[in-house]
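Undergrad: Each chain is listed here by its residues.
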Amino acid sequence: MSIAVTHRGPAAAPVPPEPAPAPVNYLNVSHTIWSWLFTVDHKRIGLLYLGSISVFFVIGGIFAALVRTNLLMPNGAFLSEDAYNRAFTAHGVMMLFFFLIPAVPGVMGNFFIPLMIGAKDLAFPKLNIASWYVFMIGATFSGWAVLVGGIDTGWTLYPPYSSRASQSNVLPGVMGVFISGFSSIMTGLNIMVTVHKMRAPGMTWGRLPLFVWSLYATSLIQLLATPVVAVTLVLLMVERAAGIGIFDPSIGGDPILFQHLFWFYSHPAVYIMILPGMGVVSEVLTCFSRKNIFGYHAVAWSSMGIAVVGFLLWAHHMFVAGISFYAALLFSLLSMLVAVPSAIKVFNWTATLYRGSITFHAPMLLSLGFLVLFTVGGLTGLFLATLGTDIHLHDTYFVVAHFHFVMVGGMVIAYMAAVHFWWPKMTGRMYSDWWSRVASVIMIVGFFLTFVPQFIMGYHGMPRRYPNYPQEFQILNVMSTAGSSVLGLGYLLPGIYLPLSLFFGKKVGANPWSATGLEWTTPSPPTVHNFEVTPIVVCGPYEYAIGVDQMGRGLPEPPGAQDDPSHRDGSTGPSGPMKKETEVVG
Amino acid sequence: MSASTHSPVLKHHFEDLGQQHACERLGIWMFLATEILFFGGIFGAYTVYRLWYPHEFVFASSHLNRLFATINTVFLITSSLTITLAIRSAKLGDRAALIRYLLITAALATAFMVVKGFEYAEDFHEHLVPGPSFSHEIEKEAVDKGLDPGKVQLFLCFYYIMTGIHGIHIIVGIGCILWLVWEAWRGTIPPENYSTVEVVSLYWHLVDAIWLFLMPLLYLAGAGYGAHH
Ligand code: HEM
Ligand SMILES: [Cu+2]
Numbered sequence: 001m002s003i004a005v006t007h008r009g010p011a012a013a014p015v016p017p018e019p020a021p022a023p024v025n026y027l028n029v030s031h032t033i034w035s036w037l038f039t040v041d042h043k044r045i046g047l048l049y050l051g052s053i054s055v056f057f058v059i060g061g062i063f064a065a066l067v068r069t070n071l072l073m074p075n076g077a078f079l080s081e082d083a084y085n086r087a088f089t090a091h092g093v094m095m096l097f098f099f100l101i102p103a104v105p106g107v108m109g110n111f112f113i114p115l116m117i118g119a120k121d122l123a124f125p126k127l128n129i130a131s132w133y134v135f136m137i138g139a140t141f142s143g144w145a146v147l148v149g150g151i152d153t154g155w156t157l158y159p160p161y162s163s164r165a166s167q168s169n170v171l172p173g174v175m176g177v178f179i180s181g182f183s184s185i186m187t188g189l190n191i192m193v194t195v196h197k198m199r200a201p202g203m204t205w206g207r208l209p210l211f212v213w214s215l216y217a218t219s220l221i222q223l224l225a226t227p228v229v230a231v232t233l234v235l236l237m238v239e240r241a242a243g244i245g246i247f248d249p250s251i252g253g254d255p256i257l258f259q260h261l262f263w264f265y266s267h268p269a270v271y272i273m274i275l276p277g278m279g280v281v282s283e284v285l286t287c288f289s290r291k292n293i294f295g296y297h298a299v300a301w302s303s304m305g306i307a308v309v310g311f312l313l314w315a316h317h318m319f320v321a322g323i324s325f326y327a328a329l330l331f332s333l334l335s336m337l338v339a340v341p342s343a344i345k346v347f348n349w350t351a352t353l354y355r356g357s358i359t360f361h362a363p364m365l366l367s368l369g370f371l372v373l374f375t376v377g378g379l380t381g382l383f384l385a386t387l388g389t390d391i392h393l394h395d396t397y398f399v400v401a402h403f404h405f406v407m408v409g410g411m412v413i414a415y416m417a418a419v420h421f422w423w424p425k426m427t428g429r430m431y432s433d434w435w436s437r438v439a440s441v442i443m444i445v446g447f448f449l450t451f452v453p454q455f456i457m458g459y460h461g462m463p464r465r466y467p468n469y470p471q472e473f474q475i476l477n478v479m480s481t482a483g484s485s486v487l488g489l490g491y492l493l494p495g496i497y498l499p500l501s502l503f504f505g506k507k508v509g510a511n512p513w514s515a516t517g518l519e520w521t522t523p524s525p526p527t528v529h530n531f532e533v534t535p536i537v538v539c540g541p542y543e544y545a546i547g548v549d550q551m552g553r554g555l556p557e558p559p560g561a562q563d564d565p566s567h568r569d570g571s572t573g574p575s576g577p578m579k580k581e582t583e584v585v586g
Numbered sequence: 001m002s003a004s005t006h007s008p009v010l011k012h013h014f015e016d017l018g019q020q021h022a023c024e025r026l027g028i029w030m031f032l033a034t035e036i037l038f039f040g041g042i043f044g045a046y047t048v049y050r051l052w053y054p055h056e057f058v059f060a061s062s063h064l065n066r067l068f069a070t071i072n073t074v075f076l077i078t079s080s081l082t083i084t085l086a087i088r089s090a091k092l093g094d095r096a097a098l099i100r101y102l103l104i105t106a107a108l109a110t111a112f113m114v115v116k117g118f119e120y121a122e123d124f125h126e127h128l129v130p131g132p133s134f135s136h137e138i139e140k141e142a143v144d145k146g147l148d149p150g151k152v153q154l155f156l157c158f159y160y161i162m163t164g165i166h167g168i169h170i171i172v173g174i175g176c177i178l179w180l181v182w183e184a185w186r187g188t189i190p191p192e193n194y195s196t197v198e199v200v201s202l203y204w205h206l207v208d209a210i211w212l213f214l215m216p217l218l219y220l221a222g223a224g225y226g227a228h229h
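As given, the protein sequences belong to chains A and B, one line each in that order.
The numbering of the first sequence is the working numbering, which starts it at 1 and goes up by one.
The numbering of the second sequence is the working numbering, which starts it at 1 and goes up by one.
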């Protein structure tokens, strides 16, 4: 360094200073298509996931629109009954296996876990890119099955209908789900090993960001539950392909066994879908209320609690399928138990908000939406987990509304919050603040309009998965369909302003939200190896009260402060002075 | 900077070889956990039906060829020993011995698959297959004994699926071992980087261990069947 300066120094006449070379980051380090397709950089892989799941989200959304539009008329608006079955199955399969499950672990997990723990990459970079390819192969199988005519079994694939009677493309569809399961296992394994072994000096378990904790718990479920559904699907495929079987009652097999094995995965899978969202929300709520999270350890351990208890509840999907009364009683009781760690989280988030100095940017608005919608969804889960009420509500629109509240109102909203929160870090650009706030509000309002009527329909007994219904339900169905177009608009907007921000958005510094995590200490977009020098972590993840990041350095002014004229001293940006420390501490 | 930091086998994103090996070991153990659950699902299903239909399962099992299975057990246990010796050779830096033991292991695994092939051929020849071509003699024999031939076929479904999936694992294992041979031959398994051998060997031990469950569940269930009836 010093040598270079003297070499140039004295002889230099007043030559105008050369423009500084554009910094090399993971986006511009190389440009060919192959440099993306053969990348082992976790950040690029995260973007590959972002691109592909966005496509699947649109496809799933189109099928949702078909289903909802068809329900405008009591006798079905335009789809044949058969086409209707295929449409809701395609919607479920696409959204669950190819959007919700990979969304946050695949995009944000890949991108941010190494950054958040101060590592150069995930432990197994080649396995990581392999997991994306495996995912795409699975999606190709299932997508192909949908294109050449679809599947009509519903996403739950219950035999013997799926193994024998169905005339649709069950085999390639199931094959795709089976294959994408391996991708899920690979990602989970990679994240777990990375969190165990690759943390930067000083990054103790007690200093891990809660997002990392939540993905750790998610990975545990992915690792322990996915293999069981994998073998179940193998059995189903053999049964269908070879015409012999294990679930086939005509040779003494038992279709209920399929349901046990399937839900042993698929109940924990609903937590694969929600835990990452909880992690996102924990990050966002603390950042935009400028407060340390309330009860860090409780939030971290409740993730693990949910992961463990989540394995004990599967048979609450089978209360009316012929399990014994005592088994039903036990599973009902155990289902109540999972409400405890979930409630711990909700209480801690609420306590975090209490007396915080809150700013309402898009990630925050969405996270607050999550808080409400997830709570409603979770509480209605208790209605279903109660034996008596479930017999009334089972397979009605009440169930549909319940799981959409947690999965769409919860997880999709949290995913949107994550995209908005980390977009400036991933791209180096800020999107339109106004439009993003508008979109957030539209999403939440549209969501309510869509799914609240479904609770009412379900409560009054409208069954799910039927294309026809009695006249009296029409008004509620029309409301729900209308709401879904508002919701669709809410999703469309980020699809416009986020890409636009890439070209017209304001360039941001390392830490536009003035957040505390390690990922905000590197440039935006991050350099190829994440950190110039391995960071040394000296404090917990949310030291907002004393205004320092995890390396103990002062935070820039938070974004809301700029609106306050007393702060207009131009000292924003990552190298700004420490926040008025004395004031906060004293 | 310690010497190990400059080792050519150190991947760029690790701080040192210790971290790299720790990751590899933890990774393989986690993978093994998923494998156990994968087989666990099918073992669980087998156990349920075994408890429901004990007589049919014992009867069906007695038709399997225990001789082939015993030979195969010997092959697999021996291969577990040879792959362990391969780790030792790798640790000592004895490349010739490493390659030799790996090749013996791969040969034993191949022998297993060959015997398995003969066994399947014999089963097919005897129409010991579920579905429409199921042997009429066995069906009649079952009915004579007051057993339900459908459930005899159910056992056979398990037999083919379990041994089939296990066979696929063996083939993958052979591939991994041959890949190690190639790496060892190129000289990329120096003594300080023997953990790749260890990783493959752990996988191989699992495949071996699963066979040690399949053997009694499938083949020995019907042992001594004739003696009691
Ligand atoms: C936390 C996130 C949750 C998600 C993502 C979720 C998701 C789902 C899904 C997808 C279904 C429908 C399955 C089907 O297609 O048949 C469902 C049903 C059900 N959920 Fe949840 N759920 C969550 C939380 C809960 C909680 C906390 C409880 C209980 C305390 C619960 C209890 C139930 C019950 C009992 C059913 C079965 C209802 C029936 O079919 O009669 N869920 N949930
Ligand atoms: Cu459940």
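Think of the hints as simulated: they come from the structure by calculation, not from any bench.
Take these hints with a grain of salt, some might be off.
To be verified - In silico DSSO-like pairs for lysine-lysine, Cα to Cα no more than 30 angstroms straight-line:
1) K126(A) - K140(B)
2) K145(B) - K126(A)
3) K126(A) - K291(A)
To be verified - Derived Cβ-Cβ restraints for the label pairs, each shown as a range:
4) S250(A) - G187(B): 53 to 63 angstroms
5) G40(B) - W434(A): 46 to 56 angstroms
6) D433(A) - V172(B): 26 to 36 angstroms
7) E543(A) - P216(B): 50 to 60 angstroms
8) W434(A) - R186(B): 57 to 67 angstroms
9) T78(B) - N25(A): 53 to 63 angstroms
10) T47(B) - E543(A): 24 to 34 angstroms
11) I77(B) - A298(A): 48 to 58 angstroms
12) T47(B) - G154(A): 27 to 37 angstroms
13) E183(B) - A241(A): 55 to 65 angstroms
14) P470(A) - G40(B): 37 to 47 angstroms
15) I36(B) - G154(A): 29 to 39 angstroms
16) S7(B) - W434(A): 48 to 58 angstroms
17) V148(A) - V172(B): 29 to 39 angstroms
Predicted model only: the values in this text are computed from it and were never measured.
Note that CB positions come from ideal geometry on N, CA and C, so glycine has one too.
Undergrad: State the violated hints by number, sorted upward, taking the hints as numbered earlier in the document.
TA: Numbers 1, 2, 3, 6, 10, 13, in rising order.
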